[in-house]
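K.L.:
Sequence:
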Amino acid sequence: MKKLFLQTLLSAIITFAFSACQADSQPNEQSLKVATYNILYDGKGYKWQERKPHLVQAFKDLQFDVCGAQECDIPQVDYILNNLDASWSVVFNEPKIKRLTRAWAMNNVIFYRNNRLKKISNGTFWFGPNPYPPEKKSDGWGGKGEKQNRFCTWAKFKDKKTKKEFYFFNLHLNSRNEEDRVKSFELLKTEVPKIAGNTPFIIVGDFNTGKKETIQNFVKSKEFNNSQDLSLTAHKGSNATFFGLTPPSPERLAHPPIDYIFVSKNIKVLTHETFDKSINGVRPSDHNPVLIDAIIK
1 MKKLFLQTLL
11 SAIITFAFSA
21 CQADSQPNEQ
31 SLKVATYNIL
41 YDGKGYKWQE
51 RKPHLVQAFK
61 DLQFDVCGAQ
71 ECDIPQVDYI
81 LNNLDASWSV
91 VFNEPKIKRL
101 TRAWAMNNVI
111 FYRNNRLKKI
121 SNGTFWFGPN
131 PYPPEKKSDG
141 WGGKGEKQNR
151 FCTWAKFKDK
161 KTKKEFYFFN
171 LHLNSRNEED
181 RVKSFELLKT
191 EVPKIAGNTP
201 FIIVGDFNTG
211 KKETIQNFVK
221 SKEFNNSQDL
231 SLTAHKGSNA
241 TFFGLTPPSP
251 ERLAHPPIDY
261 IFVSKNIKVL
271 THETFDKSIN
281 GVRPSDHNPV
291 LIDAIIK
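Under this note's numbering, the first residue of the sequence shown carries the number 1, and numbering increases by one thereafter.
Please note that a few of the clues may not be correct.
[As the list claims (entries may be wrong)] Pairs of lysine-lysine, DSS-like flavour, derived with a Cα cap of 25 Å:
| id | residue 1 | residue 2 |
| --- | --- | --- |
| 1 | LYS47 | LYS96 |
| 2 | LYS60 | LYS212 |
| 3 | LYS52 | LYS147 |
| 4 | LYS183 | LYS160 |
| 5 | LYS265 | LYS156 |
| 6 | LYS211 | LYS183 |
| 7 | LYS297 | LYS194 |
| 8 | LYS33 | LYS144 |
| 9 | LYS297 | LYS220 |
| 10 | LYS137 | LYS156 |
| 11 | LYS163 | LYS119 |
| 12 | LYS47 | LYS164 |
| 13 | LYS136 | LYS147 |
| 14 | LYS137 | LYS183 |
| 15 | LYS268 | LYS212 |
| 16 | LYS183 | LYS268 |
| 17 | LYS156 | LYS194 |
| 18 | LYS144 | LYS156 |
| 19 | LYS136 | LYS119 |
| 20 | LYS119 | LYS144 |
[What the hints assert, rightly or not] Per label pair, the in silico range of CB-to-CB distance:
| id | residue 1 | residue 2 | range |
| --- | --- | --- | --- |
| 21 | GLU251 | GLU135 | 21 to 31 Å |
| 22 | ASP276 | ILE120 | 31 to 41 Å |
| 23 | ARG176 | LEU253 | 33 to 43 Å |
| 24 | LYS144 | LYS44 | 27 to 37 Å |
Bear in mind the hints are in silico, worked out from the structure with no lab data behind them. We treat Cβ as the ideally placed atom computed from N, Cα and C, and that holds for glycine.
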């Protein structure tokens, strides 16, 4: 009888613990849905006219509260906003960039739901020896590889529901210069804490690297955390985030991610997902968005 009682008690404890863990990992009213999404600029052969209604639909389906988007032409941002309801707003980098010929001469913008978040302040810094150049541009550090004009757009928000404040950083690193990317990660280690101070922060973007050692070196201080590592539930979706506009090959699916969401230590990550969607054979972008549900502590 005593043995049966102990077995019943143990079973009840395990069930309760499992239920509590499940409840803790489920999105709730206080959680924010955060995303990073390289939307692919309007270039030759990139099918913007076909993709654009599907991209808007993806925004509606994903229902995120804040999203860092990369490779944004100004007309693309205007189209997206004009086809969403009035609860959506956007933060541009300063100054706005009008593209000429290069894909990296793009805007990194922050889409957010103004019925959930209030923008308090915003700014831009550049990846290069001087993060705040007077000419508002930088060719990076040069060295081996191609020079590219890269920067980070940031905003400080207040959650209207929880009254919590946080900083949101959105970036797109050099695609053809490993030395430049490594130095960009180092710049983030100094500029983000300088801007955010003790306030929680989220860093999203297309980091253009799948090197484990680069990511591990960035997060080893524990001040910057890979949200996938912190997620209370297992990652959903593919590991790869860059696929191209055609159905991905098995080789492409096996690639490591290049789009990430990093968070400060005072943010709880409930879920982590890569969202894959094609509509009538048309992919909204050559990247898949990465999404998390998070709670600002």
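K.L.:
Now look at each hint and say whether the structure bears it out.
P.N.:
Here is how each hint holds up against the structure:
Distance hint between LYS47 and LYS96 is fulfilled; the C-alpha atoms sit about 23 Å from each other, no more than 25 Å. The hinted pair formed by LYS60 and LYS212 fails the criterion: a straight-line CA distance of about 33 Å is larger than 25 Å. Note on LYS52 and LYS147: the hinted pairing is violated, with a Cα-Cα distance of about 30 Å set against a maximum of 25 Å. For the given pair, LYS183 sits about 36 Å from LYS160 by alpha-carbon distance, which is inconsistent with the 25 Å threshold.
About 17 Å separates the Cα atoms of LYS265 and LYS156, which keeps this hinted pair within 25 Å; it holds. Our distance criterion of 25 Å between C-alpha atoms is met by LYS211 and LYS183, whose separation comes to about 14 Å. Of the pairs offered as hints, the one joining LYS297 and LYS194 holds, with about 20 Å between alpha carbons and a cut-off of 25 Å not exceeded. For the given pair, LYS33 sits about 38 Å from LYS144 by alpha-carbon distance, which is inconsistent with the 25 Å threshold.
Note on LYS297 and LYS220: the hinted pairing holds, with a Cα-Cα distance of about 21 Å set against a maximum of 25 Å. For the proposed pair LYS137 and LYS156, the alpha carbon gap of about 22 Å is at most 25 Å, so the pair holds. About 12 Å separates the Cα atoms of LYS163 and LYS119, which keeps this hinted pair within 25 Å; it holds. Using a Cα cut-off of 25 Å, the hinted pair LYS47 and LYS164 is violated, with the two alpha carbons roughly 40 Å apart.
For the hint linking LYS136 to LYS147, the alpha-carbon distance of about 16 Å falls within 25 Å, and the restraint holds. Using a Cα cut-off of 25 Å, the hinted pair LYS137 and LYS183 holds, with the two alpha carbons roughly 17 Å apart. Distance restraint check for LYS268 and LYS212: the Cα-Cα separation of roughly 23 Å lies within the 25 Å cut-off, and the hinted pair is therefore satisfied. A threshold of 25 Å between alpha carbons decides the hint, and for LYS183 with LYS268 the separation of about 28 Å lies outside it, so the pair is violated.
With a C-alpha separation of about 13 Å, the suggested pair LYS156 and LYS194 falls inside the 25 Å cut-off, and the hint holds. Between LYS144 and LYS156, the direct Cα distance comes to roughly 35 Å. Violation of the 25 Å bound is thereby established for this hinted pair. A C-alpha spacing of about 23 Å is found between LYS136 and LYS119, which places the hinted pair at or below 25 Å, so the restraint holds. A distance of roughly 39 Å separates the Cα atoms of LYS119 and LYS144; the hinted pair therefore is violated under the 25 Å criterion.
GLU251 and GLU135 have their C-beta atoms about 42 Å apart, which leaves the hinted 21 to 31 Å range violated. The hinted window of 31 to 41 Å between ASP276 and ILE120 holds, with their beta carbons roughly 34 Å apart. In this structure the hint that ARG176 and LEU253 lie 33 to 43 Å apart at CB is violated, the actual value being about 23 Å. A hinted range of 27 to 37 Å holds for the C-beta pair LYS144 and LYS44, which are about 29 Å apart.
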